[in-house]
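Chemist: Sequences are here, hints too, so could you generate the full structure?
If you want the building blocks of each chain, they are given just below.
2 protein chains.
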Amino acid sequence: MQRYFIGEEHWGHRKVTIYGEDLHHISRVMRMTSGDQLIGIHPEEGPALCKILNVTEDGAECAVLEWLEEDKELPIQVTIVAGLGKGDKLEHIVQKGTELGAFEFIPFQADRSVAKWDKKKVPKKIQRLQKIAKEASEQSERSHVPEVCTVHTLQQVSQLKDRYHWWLYAYENEARKKEHQSLATRLKLVRPGEKVIVIFGPEGGFSEKEVSHLEEKNFLSVRLGPRILRMETAPLYFLSSLSYVFEEER
Amino acid sequence: MQRYFIGEEHWGHRKVTIYGEDLHHISRVMRMTSGDQLIGIHPEEGPALCKILNVTEDGAECAVLEWLEEDKELPIQVTIVAGLGKGDKLEHIVQKGTELGAFEFIPFQADRSVAKWDKKKVPKKIQRLQKIAKEASEQSERSHVPEVCTVHTLQQVSQLKDRYHWWLYAYENEARKKEHQSLATRLKLVRPGEKVIVIFGPEGGFSEKEVSHLEEKNFLSVRLGPRILRMETAPLYFLSSLSYVFEEER
Numbered sequence: 002m003q004r005y006f007i008g009e010e011h012w013g014h015r016k017v018t019i020y021g022e023d024l025h026h027i028s029r030v031m032r033m034t035s036g037d038q039l040i041g042i043h044p045e046e047g048p049a050l051c052k053i054l055n056v057t058e059d060g061a062e063c064a065v066l067e068w069l070e071e072d073k074e075l076p077i078q079v080t081i082v083a084g085l086g087k088g089d090k091l092e093h094i095v096q097k098g099t100e101l102g103a104f105e106f107i108p109f110q111a112d113r114s115v116a117k118w119d120k121k122k123v124p125k126k127i128q129r130l131q132k133i134a135k136e137a138s139e140q141s142e143r144s145h146v147p148e149v150c151t152v153h154t155l156q157q158v159s160q161l162k163d164r165y166h167w168w169l170y171a172y173e174n175e176a177r178k179k180e181h182q183s184l185a186t187r188l189k190l191v192r193p194g195e196k197v198i199v200i201f202g203p204e205g206g207f208s209e210k211e212v213s214h215l216e217e218k219n220f221l222s223v224r225l226g227p228r229i230l231r232m233e234t235a236p237l238y239f240l241s242s243l244s245y246v247f248e249e250e251r
Numbered sequence: 002m003q004r005y006f007i008g009e010e011h012w013g014h015r016k017v018t019i020y021g022e023d024l025h026h027i028s029r030v031m032r033m034t035s036g037d038q039l040i041g042i043h044p045e046e047g048p049a050l051c052k053i054l055n056v057t058e059d060g061a062e063c064a065v066l067e068w069l070e071e072d073k074e075l076p077i078q079v080t081i082v083a084g085l086g087k088g089d090k091l092e093h094i095v096q097k098g099t100e101l102g103a104f105e106f107i108p109f110q111a112d113r114s115v116a117k118w119d120k121k122k123v124p125k126k127i128q129r130l131q132k133i134a135k136e137a138s139e140q141s142e143r144s145h146v147p148e149v150c151t152v153h154t155l156q157q158v159s160q161l162k163d164r165y166h167w168w169l170y171a172y173e174n175e176a177r178k179k180e181h182q183s184l185a186t187r188l189k190l191v192r193p194g195e196k197v198i199v200i201f202g203p204e205g206g207f208s209e210k211e212v213s214h215l216e217e218k219n220f221l222s223v224r225l226g227p228r229i230l231r232m233e234t235a236p237l238y239f240l241s242s243l244s245y246v247f248e249e250e251r
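Chains as they are written, first to last, in this note's numbering: chain A, 2 to 251; chain B, 2 to 251.
Just so you know, the hints here were simulated from the structure itself, not pulled from any lab data. Please note: incorrect hints may appear among the correct ones.
Derived lysine-lysine pairs resembling DSSO-like cross-links, with alpha carbons at most 30 Å apart [unchecked claim]:
hint, chain 1, residue 1, chain 2, residue 2
1, B, K73, A, K178
2, B, K73, A, K87
3, A, K189, B, K179
4, B, K117, A, K90
5, A, K90, B, K122
6, B, K132, A, K87
7, A, K178, B, K189
8, B, K126, A, K87
9, B, K73, A, K189
It should be emphasised that the depicted structure is a prediction, and the values quoted were computed from it without experimental measurement.
Modeler: Here's what the structure looks like:
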């Protein structure tokens, strides 16, 4: 069933009205009319089964039939920090990372980021990534849309530490070491309900200076299997493993 | 260090010669000359540290300095069967699936595949996917290049069953069920050294007919977390979880 994230201000007593792009999607793309059902997602209350009462150019009025009990959110809140990459790599990370349950994304300007974002264009780029996150949330049937934060420096990222229980970074050299730190050693410490921040470098990996900074700030390095993963594949490995451990193995 | 997969016929006694596209890459792209080192990968013996003795237009002659003991291959041989998808989805699956350790790929013409491949164009498309697999193997530092097989029908796929120890398919409806079959229940049965075949549907999922066929042939359905994944994300979840279980948790 089609799902729409609807701002808090549009919900009334067992009623909700849909406007804007979602209204266009309902009337023009899906061609839904009164009597048709959809799932409306309240930012706090979660998903509700709704029935369309009336569709006009001004809005789609729906009755709330039933609040649904769904459990599709990862029990760990994961913040993915990703170095700016070439082409559409960040878009891939946000789209697939959202499907895989990420809670939040922070792009960061790494020493070896070949891509540099023009300051004036940052708000537009973030807006576009935010739209991708919303669409991927709807498609993957989630009840939370991850926030895409503005571009940070590594220093700004490490200052956010206190908000999280665990601070990790994916260091490709771990994959090359015989005596590596396995991802399982780290994940075994994490408990449901906790918040994790994990940093991924750009195409060329972290600079030595960045690694020293992360070590100094007590970020823990993780290995993601013995193979060297591309920058856009590594966050997907991390999220998939976390989902496996907390949603499939338990 | 740069890695090249080199056909068996080009290896001599503690010597190897590199030709063709790889020679071009060595001389023109990397601008390597005598004395430079690279890793040559023998199809049976695996990776060897090599030193260039001489580069001409006819070939790059190298001395084998040392056979390397690397363990970068997943201990389970996974065959990924993926429905034909729109655009570059299959290319994504092959590229990222190779990074994540897949052993082999089989594209299949599913009932709901919107993409139809013109018969005449199949060999060229497979050749292109094979090239992507080779490049991804080099980049991720593997010692095996996954084979990309030609397009199969589902019937042809299920006839291959006897070659494998485990037969799975990723069924999106498992993600929507309360009483689902967890991926962990299935993976707990798999032992290192075994072969697994796992089938993924196209954008629209499997048809009812295909599901009946797979059930009849005793393929086991798996859930990949509670969220609905895109066709190109599902194989990456499967391979990442397998790597986590067999390479990080053990």
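Chemist: A separate judgement is required for each hint: does it hold in the structure or not?
Modeler: Going down the list of hints, with the structure as the test:
no. : hint            : in the structure
1   : B:K73 - A:K178  : 11 Å, holds
2   : B:K73 - A:K87   : 27 Å, holds
3   : A:K189 - B:K179 : 26 Å, holds
4   : B:K117 - A:K90  : 27 Å, holds
5   : A:K90 - B:K122  : 29 Å, holds
6   : B:K132 - A:K87  : 22 Å, holds
7   : A:K178 - B:K189 : 27 Å, holds
8   : B:K126 - A:K87  : 26 Å, holds
9   : B:K73 - A:K189  : 23 Å, holds
In summary, this structure violates none of the numbered hints.
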